[in-house]
Structure formats: C-alpha cells, structure tokens
Amino acid sequence: MDAIALPEPREDIIARREEIVRKLKTLVAPDCVIDDETGRRAYETDALTAYKRLPLAVVLPSNTQEVSRVLAYCNENAIKVVARGAGTSLCGGALPQEDAIVLGVSKLNRVLHIDYQNRTARVEAGITNIAISNAVASAGFFYAPDPSSQIACTLAGNIAMNSGGAHCLKYGVTTNNVLGIKMVLMTGEVIEFGGEALDAPTYDLLALIVGSEGQFGIVTEATVRILPAAEAARPMLLGFETSKAAGACVAAIIGAGVIPVAIEFMDRPAIEVCDDFSKAGYPRDVEALLIVEVEGSESEIENLLTRIQQIASFFEPKVIRVSQSAEESAAIWKGRKAAFGAMGHISDYYCMDGVIPLRKLADVLVEISRICTEHSLPVANIFHAGDGNLHPLILYNANDAEEASRAEACGAEILKHCVKVGGCLTGEHGVGIEKRDLMGLQFTKIDLEQQMRIKSVFDPNWLLNPAKVFPLDGREMP
Amino acid sequence: MSDIVHPGGEYELHQFIAQAAAAGTTLEIGGRGSKRDIGRPVQAETVVSTASMSGITLYEPNELVISARAGTLVHMVEATLARNKQQLAFEPIDLGPVMGEPEGQGSIGAVFASNLSGSRRILAGSARDHFLGVRAINGKGELFKSGGRVLKNVTGYDLTRGITGSWGTLAVMSEVTMKVLPAAEAVATLVFEGLTDDVAIEAMCEAMATPFEVSGTLHLQGELVPAMEMDALGKRGQAVTAVRLETYADSIDERVRKLSRAIAEFGEPKILNDIEARLFWTNARKLQFLQGTAGSLWRISVAPRNGARLVAAITRRLKCRTAYDWSGGLVWLIVDSGRDAGATEVRRCVGEIGGHAMLIRAEPAIRSAVDVFQTLDSGTARLAAGIKSAFDPEGILNPGRMYASL
Chain L
1 MDAIALPEPR EDIIARREEI VRKLKTLVAP DCVIDDETGR RAYETDALTA YKRLPLAVVL
61 PSNTQEVSRV LAYCNENAIK VVARGAGTSL CGGALPQEDA IVLGVSKLNR VLHIDYQNRT
121 ARVEAGITNI AISNAVASAG FFYAPDPSSQ IACTLAGNIA MNSGGAHCLK YGVTTNNVLG
181 IKMVLMTGEV IEFGGEALDA PTYDLLALIV GSEGQFGIVT EATVRILPAA EAARPMLLGF
241 ETSKAAGACV AAIIGAGVIP VAIEFMDRPA IEVCDDFSKA GYPRDVEALL IVEVEGSESE
301 IENLLTRIQQ IASFFEPKVI RVSQSAEESA AIWKGRKAAF GAMGHISDYY CMDGVIPLRK
361 LADVLVEISR ICTEHSLPVA NIFHAGDGNL HPLILYNAND AEEASRAEAC GAEILKHCVK
421 VGGCLTGEHG VGIEKRDLMG LQFTKIDLEQ QMRIKSVFDP NWLLNPAKVF PLDGREMP
Chain P
1 MSDIVHPGGE YELHQFIAQA AAAGTTLEIG GRGSKRDIGR PVQAETVVST ASMSGITLYE
61 PNELVISARA GTLVHMVEAT LARNKQQLAF EPIDLGPVMG EPEGQGSIGA VFASNLSGSR
121 RILAGSARDH FLGVRAINGK GELFKSGGRV LKNVTGYDLT RGITGSWGTL AVMSEVTMKV
181 LPAAEAVATL VFEGLTDDVA IEAMCEAMAT PFEVSGTLHL QGELVPAMEM DALGKRGQAV
241 TAVRLETYAD SIDERVRKLS RAIAEFGEPK ILNDIEARLF WTNARKLQFL QGTAGSLWRI
301 SVAPRNGARL VAAITRRLKC RTAYDWSGGL VWLIVDSGRD AGATEVRRCV GEIGGHAMLI
361 RAEPAIRSAV DVFQTLDSGT ARLAAGIKSA FDPEGILNPG RMYASL
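Just so you know, the protein sequences line up as chains L and P, in that order.
The numbers in my numbering rise by one with no breaks, and the one at position 447 of the first sequence is 447.
The numbers in my numbering rise by one with no breaks, and the one at position 50 of the second sequence is 50.
Just so you know, these hints were derived from the structure itself, not from any lab.
One should not assume that every hint holds.
[As the list claims (entries may be wrong)] In the DSSO-like style, the derived pairs of lysine-lysine whose C-alpha atoms are separated by at most 27 Å in a straight line are:
#, chain 1, residue 1, chain 2, residue 2
1, L, K244, L, K107
2, L, K25, L, K107
3, P, K258, L, K170
4, P, K270, L, K170
5, P, K85, L, K360
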C-alpha cells in the first residue's frame, strides 16, 4: 500500500535529533525517552501496518506535568508530535513521521477515583479500555464502549477516535460516556473540560475534542460514566439463507420497538474463519448470521428472545439458537470479538469501517461483492448491524505490492459507495491517514475549512498529528 | 430593531445571512421565540427566525433516525414519532410555561441550540447525545454540514455536537437530524414522601445504581408539590421523591417489585400506575412544579452527590425553593430574594462546591448586568472565543447572548 502521500519531513528538524533527544531527557525521566533505532522501530506503525515511518524519538511521560513540558518545548521548536495510545488504530491514526516525536500515554494508566454514587470514574487516559470495567466490576458496574481491541486499546485512543463497539447500539459511543477530561494543549497549558456535572457550562468543547484524532491536545485524565451492569445477558444466533433476509430481520426487530444490546452480522466467509478460530459453534450452512444479545432478568430475557424469534420467523431463518450457558455465550462473543485476529491468521486483511442506512444493506453487500470481484480480492463481512456500521475485511497478500495497492483501491471504492447511499466513511475507526484523501467525497471545501478553523484554535501551528484527517491540499495552516 | 425576518427555506436563510455577513449586519437568531427571554438580551440590528422553515424531511423508523427543518415544532416531531411508538429519548423540556409563554411552542432547532434535556437524560443522554447531523450557516454566511443521517459517524470533527448548546451564537441551523428510540410500553413510578433533600438524593442515586434502568429521578421540596396538581401525590405539602421505571409491558411489575426492594431502606413507596406516572412526567417535563413561582430561576448542573450541599449553602443566605432532577445533578432553584437574582451568592457557592449555573429567568436588566452563563476560567474563555471566531469571525450572530464578549 502506498497510495497515501505523506509530507516531506523537515530535514532541519531531523538534523537536530541528538539535541532534541538530549533536551527531552531533561523534561522527563531519561529512561522515558526511547531514542535507539530498535526501540523506535516498535513505534513506527500502528494497526494499519502497511504504512511505516521511523519517529525522531519516542517519549513516554509519567504524568501531566511531563506531558506539558514536552509539548511546550516542541511547540517552541516547531517539532511535530504524534500522540499514541496502544497503537491499535486501523486507520493510521498513530502513524509517526520522521520529523515528529511520538508521545505515548501508556504510562498514564492509573485509576484515580471511583465514585459509585455519582456513577463516575476518574482515570488516567492511558489506561486500557477493559481495565476501567475491571476496576468497577466487583461493584456491579462497567464502562460501556467496547471496541474489539478493548483488551489493548487505551481510553486516550478511544477519546481521540470516538470509538464505539458491539454494545454501543444501546449504550452509545465514547462521546456519550465521557464527562470530563484534562488536556494539555500544544503550548503546555493544562485545561479541564467538563467534569462531574452532566452538561457543559459553555460551548461543548468536550464534544469537539472527542473524535479530534489527537489533533487538539493530549488528554491525560478523564472522568467517564460507569453504568450498573444488567442482571444478566444472553445472545442468540439467527442464521439466514441470504444477507437480504438477515438485514430485513434487523430492521424488523428495531421497527418493532426492541433494541437489543447488540446485533452483529457475519457473512459466510467470516463465519467460517471465526468459527475455526474460536470454536464458537456457529452454524456453517448459512449465508448470514446474526448474533443478537438482550439483557435483563431471566424472565425478561426469555420474553425478549421469544419476541425476537417471532419477528425473525417472518424471514425464514435456517437456524435459531439461544445460548444455553455462560460458557456458550462467552464462546459466541469470543468468535465475534476475535474476528479480526482470526482473519489475520489466514490472510493479511484491510478493514473498512463505512456506515450505511440499514435499508440499503442488502444492495450494499451485493455492491461490495461486485467491487471485490472486480479487484479480484476475496472479502469477508462483519459488522454492527443495528447501526449499519460495516467492516468488510478485504483479504490480500501484504508482500505483493501490486495486490496491496489493489486492496487499497478496492477499499476506497467500497467507502465511496457507502457515502453515495447516504452513509459515511467511518463509523468508529476514524479518518487517520487512511481516509484522509477521501474526505472530499463526504464534505465540501467549506465543510472542511470550518473543521480546520477549529483545529487552528487548539493548535495554531498544526504540530499535533499533522498529516491526518484533512487532505494535504487546501489546508488552512501556517 | 426592525421586524422579524422569516426565511421560507434553507436557500433564503443562506442568502440572507450571506448578505448580512457581507454588510456586517448583526442578527438576533431565533426559532419560534419561546426561549427569547433566556440568556443575555441581544442587541442586534435585525431579527431572523427559522419559524417558517418547518417540516419533517426524512424519517426511517427502522433506522432510528429523523430529520426536520430547524423551525419545526418539537411537538410535531414527537407526534410523528409517536405514530410509530417512538420518541426523542432525551425528553426535551418545555420552558414555555415557566417563562410565561404557552406550552408546545418550541422549535426542534432550539432544542439543540439550547441542549436542554429532560428527566430521562440521566439514563438516555442529552439532546447533544442524540444529535446526529446538522446543516447550518455560519457567521461568514457559509452553508456547511456536519455529521449525517447514520447512527455512527466519526468522519471529521464532531461539529454537530460542538454547536449544541451554543444558543445561536456560532451558526444558524437549517436542518437537524437526530436519533430516536422506541417509546416504552409501560411506565411506573415509585414515590417517596417526606424525604429531606440529602436523603432523597441518596435514594435517587441508589436507584440509579440498580440494574433496573431507572429513567427519571425527581425530588420536589414540599412547597413545589401542589403545583403538580396530582391527587396521587397527597396534599400535605410534603416533599416528593419520584423514581421512574419504563420498560416492556411484561417486565414492569417485576421491575417495580425489585426496585422497591432494592431501595427499601428509604421507606415503602407509593406506586404511580401507568396513567398517573405518565401524567406526572408530562407535568415534570414542562416544569409544572415551578408554576406560580415569581422569583428568579436558576438551573444548576452539579455532581449529584453535591446537589443538596450546594443548595444548603445557597439557602443559608437566600430564600429559595428547590427541585432536583437527574438524581441531584440538576438543580432548579427559585430565588425569592436578593437584588441580583442571587447571582453573587449562587456563583460563590458553585465556585466552592463545584458545578455550573445558568440564570434562566430574571428581569432583562439583571440578565444584562450579571453573568447568565457560567463564568469561565481564562483558558476556557480563550478557547471559547476562538471557537466563536472560527464560526462567526465578525460576531454577527446573536452578539452577547451568552457572554458580553461573545
């Protein structure tokens, strides 16, 4: 993959590397600066592994003050900064540049305060997503957004990308679950946004910051909503002969006033790979599989699953299977949550994240299939059906440069189609470098300029995560 | 001040604002005017209203999404949704009656411009959380869009939510798209009587910590109860603490039983049945409990656990009546005394205990003289000014509505 251009690095900054490293070691504990090449190599890419750039240096601050000192120094010296959580971005959101330092927040991983009466937790932003839920699980609470990478990904990265997950149909995405943050601006100034109160006192700056892809500042702490866990949850599997029937069933369930906590979709190639990997026991003789999960007491779960079965029966499912045990439920989710990893075992893949209006589902799946056939590449579809968030996985050989660029072109075609039918380029992964040059499909020049003016309010010199989100041409930057 | 200009559609609105931007004409921006007396009085050369821009432009019940022109009446949107047993889950409040206006006059654009959510906000999120996409005209006279008509969308910065609650000072919305949800099949409400403020908040927070999806918690001090005009609430002027459950018809009894047991330490609640409960929350939504009050009205956001302490601190100096929504996180405070609507005291206490306060109702002279919105620290104020400038560099949209300098 090589379609995405990155700006030429500034040679004058690279030439100052030794001096910069020396200075950084005075701003944080010296062992928190990684400057040897082997060490830096570990940070040269993220989960969009086709793109790699060796950063100038890597800094791993231990507290907000250190972040502040590093940013102030970089701002004064025009050194670009790429923020990094756990490096799980699928869109190149954490891809470094040769003339930029990587500022990793992984050492900021403490739980600071849990307040069950207010139902909030104050944490450092480098904490992993799952660790927040783990910290409050004994009291029967959890943190709702659950990206598939939740074991590894950090809250900071979730805030940067406004991450979602399988269960956000009911509980919302990151922006709906973060109440306050502490953020360091590029000048080194530390500002608190939001807090324990529910609404913003002035402009909703927090809403602008969540999803700003590390381009406004570095978030070091956050106050998140924690929710009481449901009494119980149970998934069921619904297998269909066609994707069209599965899509229509999803629409009918929602139309009937039932909002399951999750509705996940897999097509046949995805079912096979996930089942082989996780031994989840998915039916293998269907073209489309839905995992529908509901929550409540045992009797409520029974009632809801009965309703869903009645609705589904209109679409002639080949398989209806309700999980009978906690182990079976865990296996069903393991298969889904391990989908990307499972796919990675059999092939390199390129993961898309487009969103479409649900009623277009069947047509869009046909179109995705056509586009992939045209590019001579296999595809497996996995997605959050309740909200129309598609994850077509385009399979390709990363060692074959021609095939890799074909995969990239294929992905772009799919995303174009998502926009064309009324959807969007990305539902939860973010723009990063990957979709940067496609932004013009969804936005006009005026739309993008309005966004860029906001960027300039927070980071007037455009030093934070600079090559991302906006096409390189037409930028309103110094 | 000239007459009100009513563009008939987005094109006309766009043209009008573009001309105003070119000429540097300041504009007072409004929908149907139901919230015109909230905020600082605007001094503008022309008044523009989106009231003539009405109508649902898209509704896909199976996709949980609806779009409407900004001037569409909220109750028209809700009536459309109700035909499919759906609703705006954030339950926008109707400030009309408490401002001395008729009820049901607010526009859907103003709901997002003010981000004033109702009791269900504590479970379902605010107006901002349900706001998916917007078409709007900035102060440069440019039509822009953000977000879209799908439930998940992280393409570009979230300007949609970013302009929520900006009271027309950043852009004039022409069309809004929002997430909708099924309306609950059944409603019930547990009512406790005679709890003190701090015990009531404890009860409401405890209810919220159960897995029964409590969708509203409201505590009314005794003096505010009669205005609700509900026989079921008793007549002795005792405080009322209401806890709402909404769920499927076949689950409601079970949840009432379980929740009553879970918070039994606060006494045996009276149970409002489906009809009574719906009436109670319909009245709550239009702040019926504040009817007949004449003093200045404050809306204070605070961490729930600090709500009662904050009010206790304020009432040491001022004569007040109080209702707590959002399990104590939203305080409606009627101030019956004080020269400046109690602003000095309210701000001092909020500064000490936390949260932020907005003056909702007061004489125009007072609203011009005191900070109506929360006073900002210097860093946030600088960023807010930058945001204003990024949308409206010449400051032609609702000048001074939120802050004298914005």
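Evaluation of the provided hints:
no.: 1; hint: L:K244 with L:K107; in the structure: violated (47 Å)
no.: 2; hint: L:K25 with L:K107; in the structure: holds (16 Å)
no.: 3; hint: P:K258 with L:K170; in the structure: holds (22 Å)
no.: 4; hint: P:K270 with L:K170; in the structure: violated (30 Å)
no.: 5; hint: P:K85 with L:K360; in the structure: holds (23 Å)
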